[in-house]
Amino acid sequence: MPRKIKTTIVALSTPHGIGAISIIRLSGQKSLEIANKLTRTSKPLTPNKVQYAQIWDADRFLDEIMLTYFRAPRSYTGEDMIELSCHGSPYIIETIIDLCLLRGAVPAKPGEFTQRAFFNGKIDLLRAESIADLIAAKTQSAHRESSRQLLGEGGTQIQSLKQRIIQIISTLELELDFSDQEISFTPREQIQSDIQSVLTDIRSLVKTFSYGKLVRTGLYTPIVGPPNSGKSSLFNALLREERVIISPIPGTTRDTIEESIQKDGYLFRLVDTAGLRDTDETVESAGILRSRKTIRLADLLLFVVDATADMTDYQAVLPDKTGKTIIVINKSDIADLKTISNLQNKLAGYKTIVVSSKKRAGIHELSTLMVNHIKAHQPSGDEFVLTQKRHFIALKRMSVFLKHALTSSSQLATSEMIVIDLRLALSCLDEILGKTVNDDILNNIFQNFCVGK
Amino acid sequence: MKRTDFDIVVVGGGHAGIEASLASARLGIKTLLITLSIDSIGRMSCNPAIGGLAKGHLVTEIDSLGGEMAKAIDATGIQFKMLNRSKGRSVWSPRAQADKIKYSLYMQSVVQSQVNLSILEDCATGIIVNDKHLVGILSEHNGDISCKKAILTCGTFLNGLIHIGLDHFSGGRIGEKPAIGLTESLIHEGLTSGRLKTGTPPRIRKESIDFSKTIAQYGDDNPFPFSFLTENFSPPNIPCFITSTNPLTHETLRGGLDRSPLYAGIIKGIGPRYCPSIEDKIVRFRERSSHQIFLEPDWTDAKEYYVNGFSTSLPLDIQENSIRTIPGLENAEIVRPGYAIEYDFFPSYQLNSYLETKKIHGLYLAGQINGTSGYEEAAALGLVAGINAAQSLRNEQPLVLKRDESYIGVLVDDLITKSPEEPYRMFTSSAEHRLLLRFDNSDIRLASKGFEIGLTPKSVYENASEKKRLISESLRYLKTHALSSDQVNQILSRLQQSSITNSVTLFKLLCRPVVHFQDIEDRLPSDLSVNIGKFRDLGAQIEIESKYEGYIKRNQLLVDSIKSHEGIRIPPDINYRNISSLTIEAREKLTKFRPETLGQASRISGVSPSDVTSLLILLRK
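Here the protein sequences line up with chains A and B, keeping their order.
Going by this note's numbering, the first sequence opens with residue 6, and the numbers climb by one from there.
Going by this note's numbering, the second sequence opens with residue 2, and the numbers climb by one from there.
Since the hints were made in silico from the structure, they are not lab data.
Just so you know, even glycine gets a beta-carbon here, dropped at the ideal spot from N, CA and C.
Take these hints with a grain of salt, some might be off.
Straight-line alpha carbon distances no greater than 27 Å define the calculated BS3-like cross-link-like pairs of lysine-lysine that follow [said to hold, decoys possible]: (1) B:Lys509 to A:Lys408; (2) B:Lys419 to B:Lys450; (3) B:Lys149 to B:Lys31; (4) A:Lys329 to A:Lys356; (5) B:Lys554 to A:Lys408; (6) B:Lys88 to A:Lys408; (7) B:Lys103 to B:Lys269; (8) B:Lys269 to B:Lys31; (9) A:Lys408 to A:Lys329; (10) A:Lys401 to B:Lys554; (11) A:Lys268 to A:Lys356; (12) A:Lys351 to A:Lys363.
On the chain B side, residues computed to face chain A include the following (Cβ under 8 Å) [stated by the list, open to error]: (13) Asn85; (14) Lys88; (15) Gly182; (16) Thr253; (17) Gly257; (18) Gln293; (19) Ile335; (20) Leu436; (21) Asn556; (22) Leu559; (23) Tyr577.
A short list of chain B residues far from chain A (calculated; beta carbon distances all over 12 Å) [to be verified]: (24) Gly172; (25) Ser245; (26) Ala303; (27) Glu433; (28) Ser473; (29) His482; (30) Lys535.
Okay, chain A solo, but in the shape it has when bound (with noise of 0.2 Å):
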């Protein structure tokens, strides 16, 4: 009988990334009733069918996708499971792992699956397929290769991270362990500038994060402004112009109307604030408060303002001159040519679009200026691009410890004190990367110095 675990866990079951096909996987007694919840079939899930099935997000259509249904005790982990196949974009396999959270399943921590097909005593049975195969793809290293996998490129440049740090170490620990001999040591001020160095490159990495996230989850894009400047019909008249995606956070917060648009490749979360001052005229100051920090989320702004308007009547709540703003000038189709230049004049400095939302005039040049925008934060060439928190996090504690280093190197601390912080940093890694032991250290000494009398 299988053992009575309470939690339903899901995960991904193939390697992060773009791919043509994803496999998201829920284990656990509410498997069945979150996939009820979240799609909608022709006929009741039947175990052991592959059947076709859509994602719904309530009422907004998510993806297509094929669903099986593995009925406890028949079923890898020996409980009942949802095996779902979506389209493989980022966007697309994350939101439907936030339904599932939502209605109730944890995230899988790595291996979990196996563990539980071994509490149930379900490994045996695999043992006729090739079983090393599939519990190698469960296991904590797996995971780390397929990681790697995904870094590809990319992951040239974290791996040069790595032996970066194993070569400063191993220098310290040379004159640690070999001081009695007859080697050349690399003074101080190298060794500070090589820890520099890494941290140089972890800082322009980490950068990238910023850029991954916008592309992976989109741009965060409300939509402010003074009341009747014209809000809703620019929200719906981008909605018109380009392709519509349904909203990742949906309702979360109950006055605000979020949709998503596509253009050329990127997502862009738009959010018409316009409930939040024009319905309730008491609660203006709030209103503006909770503008400020819808504001101060945003990844790009549109700041709508009425041509034929008084500036005065917003020029006490025009955002601070970001470079994330677009402010863009409305209701051109009544307003003279004159007032017009005249405003954006007054606007100096800010990127500024004037279009009609009425006459859906400048409509499309408004949106690939936002494109534009999200292209100005793209680093440069063929540089690696952090899209995983996970790897973000570990790059972000890493240069902690490097600071310590370089803090402890200045102050004059004797190298078995600066290697501590050193191999904290390198163990960062380990997470993106995999274990490094101590013989990959001595092995780097032993090709790189002669040492031994």
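Place chain B on chain A using the hints.
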């Protein structure tokens, strides 16, 4: 002598055998030491030195556990030096040049006068096993010798094969015969052997050296002894001499490579990469035009000098011609040639943490037979094996040292979880808890264990306890007492440091790299500082504990996750092949190594964190 009188038989009188037999006898066990020659007990086959980086730590740990090596070198050393002085304390390591003749005589005298310990000159040729239990040793001249436990410490003698150029002949050491039969007997009982190689440089006649062309190198003026028992330490300070090879030397050596047993492929055993021969150095590091050479006296007023840095197995004519290209050695006469030696060892995955073989109960292996190199590593292993064989007979707890309490613990754990394939040498970088393991606090770390077992003298144990108390009392005081900024600035200005504006605890002040214990000593209560002053060097130890504290805490981040598994024991009869949640590789490795704890399992290469998790689940089930 009746051949049935002994409970423990130790085979081999080298550095491992000495510690093993002394520990066993001192714990009250009737012990027999079988050696090929009593005169060779405690002989230094290679360089005349004890200690060195990480090895010095092993020696002070041996001392804290009641072993003999530290006392012997303190009594017979001719030059003492603290290595790594410019680094932090945890990596300071004492090293001494030995008078190898006196050292050997010292050990012979200790062994011969030890109660409960008999010595027999003979050659052990096999083990006698009954139902997986060791019951005796076969000897060449004295027949069967029955015993309850045996400790094999055979060094390089098992089927030893000496190479000089393309010539090779049997021998355990130059001029000594090998041990034949024992390897085959162990294999017959189901153990697996391997082959290793090591080498030694030529010795040259003192009168043939022109010392004026070399640089004399002395030891420390006021050196640290190895042993916590040594008092009034004022050893001799006899110099070594430094010279170096040059392109002509290398060219001459290259001319003999076609007759190198190493490059001709005759030597099959694996040699240590950290101790390459001179021919290996010039081949692998072709770009280097010079290598340093140390001329070390083999004893006081030595007639022979050891050519450190010139280990070789090239033919004698090449050895001679190349050595004579070295400044100061133009007329050098080689009195003993350099040579390589291949010998059998038993890969250490076959041992448990008591150094007992898993296949044969009561059979212990220690020293080079485990795949290690170095006198200190051998002595440490001999001590552990001797203690554990005796403890087992006495029905007492075995000695298993942890990685965070000693280098010996790291050594044994590395052997049983990594089973090195090249001769294993201790490095400080192998100890992930390096900051905790100082040469100067070995007694604080280990004396209580040694005392409890019954080997460490009471005085060492009591001193260690007092030092421990004084350190923690001092740290408590330093952390709870602050100085005003004026007081601090007084100290800082004396040290030419910029001033501060806040008051700061004494502890924080002492954490600064430039501030030393003597700078704040007068701020401690006088009775405390008087007591600290009773111990040489204790102030410096309090200082380093303060400076290290933050780093030790951060280091804990690295090692904590592993540590939680240390206490979880794995049943010895577990069938890994049936645990399908393990990867195939993990199943194989675990079956081979049979770790005793989950902590050990996690350190075996090929066993992944998820394998460890699977095991954890299984063990908890």
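Verification of the supplied hints:
1. B:Lys509 to A:Lys408: At roughly 20 Å apart (the allowed maximum being 27 Å), lysine 408 (chain A) and lysine 509 (chain B) satisfy the hint.
2. B:Lys419 to B:Lys450: 26 Å, holds
3. B:Lys149 to B:Lys31: Distance of about 10 Å is within 27 Å: holds.
4. A:Lys329 to A:Lys356: 9 Å, holds
5. B:Lys554 to A:Lys408: 17 Å, holds
6. B:Lys88 to A:Lys408: Distance of about 21 Å is within 27 Å: holds.
7. B:Lys103 to B:Lys269: 35 Å, violated
8. B:Lys269 to B:Lys31: 40 Å, violated
9. A:Lys408 to A:Lys329: 30 Å, violated
10. A:Lys401 to B:Lys554: 20 Å, holds
11. A:Lys268 to A:Lys356: 19 Å, holds
12. A:Lys351 to A:Lys363: 24 Å, holds
13. Asn85: 5 Å, holds
14. Lys88: This hint holds: lysine 88 (chain B) lies near chain A, its Cβ roughly 5 Å from the closest one there, short of 8 Å.
15. Gly182: 33 Å, violated
16. Thr253: At about 19 Å, which exceeds the 8 Å cut-off, the nearest Cβ of chain A leaves the hint on threonine 253 (chain B) violated.
17. Gly257: 20 Å, violated
18. Gln293: 4 Å, holds
19. Ile335: 18 Å, violated
20. Leu436: Holds. Min distance 7 Å.
21. Asn556: 5 Å, holds
22. Leu559: At 6 Å from the nearest chain A Cβ, leucine 559 (chain B) passes the 8 Å test, so the hint holds.
23. Tyr577: Tyrosine 577 (chain B) check fails; min Cβ-Cβ to chain A is 14 Å, beyond 8 Å.
24. Gly172: 23 Å, holds
25. Ser245: Per Cβ check, serine 245 (chain B) is inside 12 Å of chain A; nearest 8 Å; violated.
26. Ala303: About 18 Å separates alanine 303 (chain B) from the closest Cβ of chain A, which puts it past 12 Å; holds.
27. Glu433: 8 Å, violated
28. Ser473: 22 Å, holds
29. His482: Correct as stated: the minimum Cβ-Cβ distance to chain A is 23 Å, above 12 Å.
30. Lys535: Label holds. Min Cβ-Cβ 28 Å, cutoff 12 Å.
Hint violations for this structure: numbers 7, 8, 9, 15, 16, 17, 19, 23, 25 and 27, all remaining hints satisfied.
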